[in-house]
Amino acid sequence: MTAAAAGADKPKKLVIIDYSGELEKTWATLILASTAGAMEIETTVFVTFWGLQTFVKDRKRITGQNWMQKMMSFMQRPGVSHRKLSKMNFMGMGPWMMFQLAKRYNVAKPKDLLEMAQAVGVQFLPCQMTMDMFGLKREDLIDGMGEPVGAATALQLMTEADSTLFI
Amino acid sequence: MTAAAAGADKPKKLVIIDYSGELEKTWATLILASTAGAMEIETTVFVTFWGLQTFVKDRKRITGQNWMQKMMSFMQRPGVSHRKLSKMNFMGMGPWMMFQLAKRYNVAKPKDLLEMAQAVGVQFLPCQMTMDMFGLKREDLIDGMGEPVGAATALQLMTEADSTLFI
Amino acid sequence: MTAAAAGADKPKKLVIIDYSGELEKTWATLILASTAGAMEIETTVFVTFWGLQTFVKDRKRITGQNWMQKMMSFMQRPGVSHRKLSKMNFMGMGPWMMFQLAKRYNVAKPKDLLEMAQAVGVQFLPCQMTMDMFGLKREDLIDGMGEPVGAATALQLMTEADSTLFI
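Residue numbers (numbering that gives the first Met the number 0), protein chains in the order written: chain A, 0 to 166; chain B, 0 to 166; chain C, 0 to 166.
Next up, chain A with everything else stripped away, as it sits in the complex (with noise of 0.2 Å):
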């Protein structure tokens, strides 16, 4: 129990878009959810763009209705623990050094992250435009995630969030 949510009369509200899809800031956008959810601050995260590959399960490899689709999904391998860092890549050793370092330093991995938030509470919302656009369906997503929604649902939610992140 922290003191954002004690002797507050509402609970308080987070709405993180998750748009990135690149792996620190997945770990980012997952550290603040788990922890927020934690504090029992209501924290949806509305999924978007390339932020939605993190979210196809880990063992898809391919997904998507036509050669675009297919294409894409090839080149941005999608599953939570496939995620690139946005620089000093260096064909995968950056990823490596850097779950080295967290494992040294304590810190979860992004798919432990990402269990531990939904343990929480925290809803994950898929925007069902980017759904559409790279031929992903229901059973390409991880389980627990709520109905696709559009860019209104999530307008209305963040409008009356506390805070309001673009990750």
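The set of hints was computed from the structure by calculation and includes no laboratory data. A portion of the hints provided could be inaccurate.
[As the list claims (entries may be wrong)] Capping the alpha-carbon separation at 25 Å, the derived lysine-lysine pairs in DSS-like fashion look like this:
| no. | chain 1 | residue 1 | chain 2 | residue 2 |
| --- | --- | --- | --- | --- |
| 1 | C | Lys9 | A | Lys9 |
| 2 | C | Lys59 | A | Lys86 |
| 3 | A | Lys102 | C | Lys69 |
| 4 | A | Lys83 | B | Lys83 |
| 5 | B | Lys59 | C | Lys86 |
| 6 | A | Lys59 | B | Lys86 |
| 7 | B | Lys108 | A | Lys136 |
| 8 | A | Lys108 | C | Lys86 |
| 9 | B | Lys83 | A | Lys86 |
Chains B and C: place on chain A using the hints.
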């Protein structure tokens, strides 16, 4: 009329700082702004840094007063119709695929979203400092933009808004 | 004294998450933070991930305890005066042009804006987890920063702020 606007004594306010000139982020900005405007959320987009390139008239090729400004505009072709993806650009093939997919799934082009946003009353304010640094004049920018403003005006709008995003 | 502060029973609050170490975003963060401080907006900058590189002392060349941390600091030279553009870097020519243009149009350098921000009371809080992962010690960072904090502290500040930005 949406629930976000209905029943509230005063309209909700959204401020977006449009900092990036990339295709995906331009799209994200304009989808959110045009939807918010349609929802009767008072929406202001503060256009700064690379973002201002998006609001130069499409037909302009080179802008700026001195060789450095001209060189920078030459390398980052201005105009809402000439934005590039932040990744998977592949000599223009990435954006081409994105436009194909957008068309197939009835997602409006950035240029059309920009017109729609202006039609529903979204205010686009150019950053004075960016105009100075890039040597841009009012006649270089698209019609219908507000007067150039500084960081202080942006901050005042931001601290009065219900949601702020840096995109 | 601005309208944002005047007449209000309590001062407005701004929280910026400074996540990126890029030159343009560092500039954006410091222009907003120093202006907000001057406007008497209570401003806190939570410095995390690549952003923390900006707050390492300019004269430090290599930081970190182990070879991975040292290698990462070597490749991303730390210090507010050594930030690189996210694009058009051209072996340092892009930043050189930006600094020339900034000088000509009286835009303060990031280093001067940082000093100004600290002078007007902006609080810069380093992220504890980032310090651990990059092997940074308090004496590696510039003087005048607050105590290192975690995501929970950042979230509490964010949900009490009038505006939050992830830059």
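Taking the hints in turn, this is what the structure says about them:
1. Taking the CA atoms of C/Lys9 and A/Lys9, the gap is about 21 Å. The hint holds against a cut of 25 Å.
2. For the suggested pair C/Lys59 and A/Lys86, the alpha carbons sit about 21 Å apart, so the restraint of at most 25 Å is met.
3. At roughly 17 Å between alpha-carbon atoms, A/Lys102 and C/Lys69 fall within 25 Å of each other, so this suggested pair holds.
4. Taking the CA atoms of A/Lys83 and B/Lys83, the gap is near 20 Å; set against the 25 Å cutoff, the hint holds.
5. A hinted pair counts as satisfied when its Cα atoms are at most 25 Å apart, and B/Lys59 with C/Lys86 qualifies at roughly 21 Å.
6. This hinted pair checks out: A/Lys59 and B/Lys86 have alpha carbons roughly 21 Å apart, not beyond 25 Å.
7. At most 25 Å may separate the alpha-carbon atoms for a hinted pair to count; B/Lys108 and A/Lys136 meet this at roughly 23 Å.
8. The straight-line distance between the Cα atoms of A/Lys108 and C/Lys86 is roughly 29 Å, outside the 25 Å bound, and the hint therefore fails.
9. With a CA separation close to 18 Å, the supplied pair B/Lys83 and A/Lys86 stays within the 25 Å bound.
Of the hints listed earlier, the one the structure fails to meet is number 8.
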